[in-house]
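Visitor: If you want the building blocks of each chain, they are given just below.
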Amino acid sequence: MLSRVAESLYWTARSIERAENTSRLVGVSFHGLLDARVSDPKQEWRDLLRAMGRDDLFREHFAEYTPNAVTEFLLWHPSNPDTVTACVARARENLRGVREQISSEMWEHLNRLHLLVARARPSRVLQAPHEFLVRVREGSHAFQGVTKATLSQGEAYEFLELGAHLERADATTRVLLTSAPTLVAQPVDRLSSLLRSCGGFEAFRRHESQEVQGQLVAQFLLLDRSFPRSVLFCAERCLEAVQVISGDSEQPERSLGMLVARLAFADVSQLEAPNLGPLLDEVLTGVHAVGSELSGAYFATRVVLPGPYAQQQQQQ
Amino acid sequence: MVDTAAIPPSRPLGETYDPGAFYDEMFEATGKPRLHYQALAEELGRLSFEEFEERRRAVELSFVNQGIGFTVYGQEEGIERIFPFDLIPRVIPGPEWDLLERGLLQRVRALNLFLNDVYREQRIVRDGKIPGELLFGARHFMREMIGVDPPGGVYAHVTGVDVIRDDQGVYLVLEDNLRVPSGASYMLENRAAMKRTFSQLFERHGVAGIDHYPQELLAVLNAVAPASARGDLTVVLLTPGVHNSAYFEHSFLARQMGIELVEGSDLVCHEDVVYMRTTRGLQRVDVIYRRIDDDFLDPLIFRRESLLGAAGLFNAYRAGNVTIANAPGTGVADDKAVYPYVPEMIRYYLSEEPLLPQVKTFLGTDESELAYILEHLEELVVKTVDGSGGYGMLIGPVSTAKERASFKRRIKAAPREFIAQPTIALSRLPIYVDEFRPAHIDLRPFVLSGRITSVVPGGLTRAAMEAGSLVVNSSQGGGSKDTWVLRD
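Line by line, the protein sequences are chains A and B.
According to numbering that gives the first Met the number 0, the first sequence is numbered sequentially starting from 0.
According to numbering that gives the first Met the number 0, the second sequence is numbered sequentially starting from 0.
Worth flagging that the hints you see were computed from the coordinates, not collected in a lab.
Glycine is no exception: its CB is placed at the ideal position from the N, C-alpha and C atoms.
Just to be clear, a hint being listed does not mean it is correct.
[Said to hold, decoys possible] Derived contacts from chain B toward chain A, CB cut-off under 10 Å, selection only: (1) Ser198; (2) Gln199; (3) Phe201; (4) Gly205; (5) Ile258; (6) Leu260; (7) Asp265; (8) Ser398; (9) Ser405.
[Unchecked claim] Here are some chain B residues the structure puts well away from chain A; computed CB gaps all over 10 Å: (10) Gly240; (11) Ser244; (12) Ala253; (13) Glu259; (14) Glu262; (15) Met275; (16) Arg276; (17) Ile451.
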């Protein structure tokens, strides 16, 4: 597969996933704020922005943490390169350059999502954000579903999987990281919204019959092997994808293997404060390292000239 | 429902449509469809305006959702446009098509032989059939191609021949596009949209299929691979990228053929071999179906600032390690000043009489013809010899005195750059834009040349959507229609 194509597919998947995660986080925050028990709504919004690493940027452009300001900032403010609008547009731009590699259904679904987001009127969305946010998530799910249903599971498919799951691992880790220091002490409703932020509330409930406890939540979101948004699940999926893409043991495969092993063999005691924070930091660093190694291994222009390498390729 | 059914069904199109003073493809007179359009007129007549409009919207929506469009240059916002599509198909009876087909194949065979001669022995010049200065002065004549040996002697692998009908309904060749003709994807998408929208019409008409076009094209590209190529061939489509007006088509055709769509930056040339950069290193490329202009192919030979091609590509081509389709330099054969000589080429190379007539053309290089052009600007269409896309034309009958004066100056300054043709009253066919009204149309069939020359039955029918306009190019607001060749 062309390096350029691989990179475009990878970033398409990452961008769609990012749009989905952002819309979920905003939705959960809105929902949580409707509860009377929330004492400090500003702190809620601030935590949300911190989880995304965008608190500083927000404060450059907005004076106050109001629901409308944060929503505007996360959905379409031009200063933020990761707004839902920007992510969807970026995904579409990337996919547009590789349309011949994907099914027409995939393109149509992404195009529809793009039209939904690009044509949305901010004032209308702010009045009723829920419906809009749900439709963004549905658009992302429809794209992923139609990908699974229509695209041959070859290299293109694996690069999409790689992008989506690496982004997801990143998002879940970040959400956990914001509440790591006080996770065990969190009340049940906060833990529930933490689970919802990762789209894992229902899955957790089915998995754990016990009461919602901080440590169990961390264990579930990090280490569950069947929940498709847990960090371990995502890391394993990335590892499989990389193995399909290249048989040789290359750098990203090693790093992913180490990340998987680190999580798979984690001790339960590490899921408690004060160990949880450092573990999450380590995981996040690992995820980022994988990202840059992928780019080095597959996307950067590797011109090996002249010599035996090119000739060997010629004979294939 | 009751309301729409109450509208007398055949009235909208059949009874009120006025074919006017032009040759109308569908109606001999108001309410009197030609024989091969009768079934269609009946069927369309059964639809109410509302039903017709509903189907039109459904097609438009599916085009929007699929992102079928093209890019218009010179506009910052909203540069992606949907190619306007009209639901009333053009119908060509079998025997009419047979003549067209034979004429097109004859013409393209002669043009390929001509190119082969121009870049080798130039017999046609030595035998005095075409003035040498006309050829060697053509902007798209390519010195670098002299002595190059394209596989099979084929230069123009894909040719889009623009055919029109005059006020008597006579088919005329208007121009040959031998460089990078586009439109095949719209031909295929139009058919797909029509099948979705009017499936029952296809059951009643025996419409010849065109869906095999991409496979035929791929077969041609495989057939012209360099003799040195071994094993599985790597065929790629070279596009200027997402921002090109025909990008949709590039992507569509690559997908239909199952080949890689590459940009110049994906290619790298080394020791006269072309490779593409992949996730597993470099892979050798054998055939390039290029959709970028000659000038941009190789910055080492042509435009230095071009980022669209690949440095070293032309040398790899000359060394016979890669095939470029269409070959560089084919533009000399679609130069509008060379066009008047095509009938002579057919006689010269094939010893046959041309089957399809073409439009009378006055050359700026001929003194008496130049005088005629300058005196009759009001009646003539003036074109630049290397122009395309409908840009920079003077249409005499609708021009202003100021425009004519400006053209007069330009023609006098550079007579080689201009030709003029009588204004042809292009045939018309109904289109639907809020109502049924006539629009001028042309036809672009796609002729493929590999081991043999062939043409899929049909082509892209383009319609001038603006009332009264004679220009059908998509960049000038033209739309398109499905084209049905009937197989009885």
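Visitor: Would you check whether Ser405/B satisfies its interface hint, that is, whether its CB is within less than 10 Å of any CB in chain A?
Guide: violated (40 Å)
Visitor: Holds or violated: Gly205/B as interface residue toward chain A, Cβ cutoff 10 Å?
Guide: This interface hint is violated because 28 Å lies over the 10 Å limit.
Visitor: Taking the least C-beta to C-beta distance, is Leu260/B closer than 10 Å to chain A?
Guide: Because about 5 Å separates Leu260/B from the closest Cβ in chain A, which is inside the 10 Å limit, the hint holds.
Visitor: In terms of Cβ atoms, is chain A entirely out of 10 Å range of Ser244/B?
Guide: holds (14 Å)
Visitor: Given a cut of 10 Å on the nearest C-beta pair, is the interface hint for Phe201/B held or broken against chain A?
Guide: violated (21 Å)
Visitor: Does Gln199/B pass the interface check with chain A, least Cβ-Cβ distance below 10 Å?
Guide: Check failed: Cβ of Gln199/B comes no nearer than 25 Å to chain A, outside 10 Å.
Visitor: Could you let me know if the closest chain A CB is still more than 10 Å away from the CB of Ile451/B?
Guide: Holds, because the least Cβ-Cβ distance between Ile451/B and chain A comes to about 27 Å, which exceeds 10 Å.
Visitor: Is the Cβ of Glu259/B farther than 10 Å from every Cβ of chain A?
Guide: violated (6 Å)
Visitor: Answer holds if the nearest beta-carbon of chain A is closer than 10 Å to that of Ser398/B; otherwise answer violated.
Guide: Where the cut-off is 10 Å and the nearest Cβ of chain A is about 39 Å from Ser398/B, the hint is violated.
Visitor: Checking a non-interface call: every C-beta of chain A should be farther than 10 Å from the C-beta of Ala253/B. Is that right?
Guide: violated (4 Å)
Visitor: Verify that the Cβ of Met275/B lies farther than 10 Å from every Cβ atom of chain A, and report whether the claim holds or is violated.
Guide: violated (6 Å)
Visitor: Regarding the assertion that Gly240/B does not contact chain A, is the least Cβ-Cβ distance greater than 10 Å?
Guide: violated (7 Å)
Checked against the numbered hints given earlier, this structure breaks hints 1, 2, 3, 4, 8, 9, 10, 12, 13, 14, 15 and 16; the rest are met.
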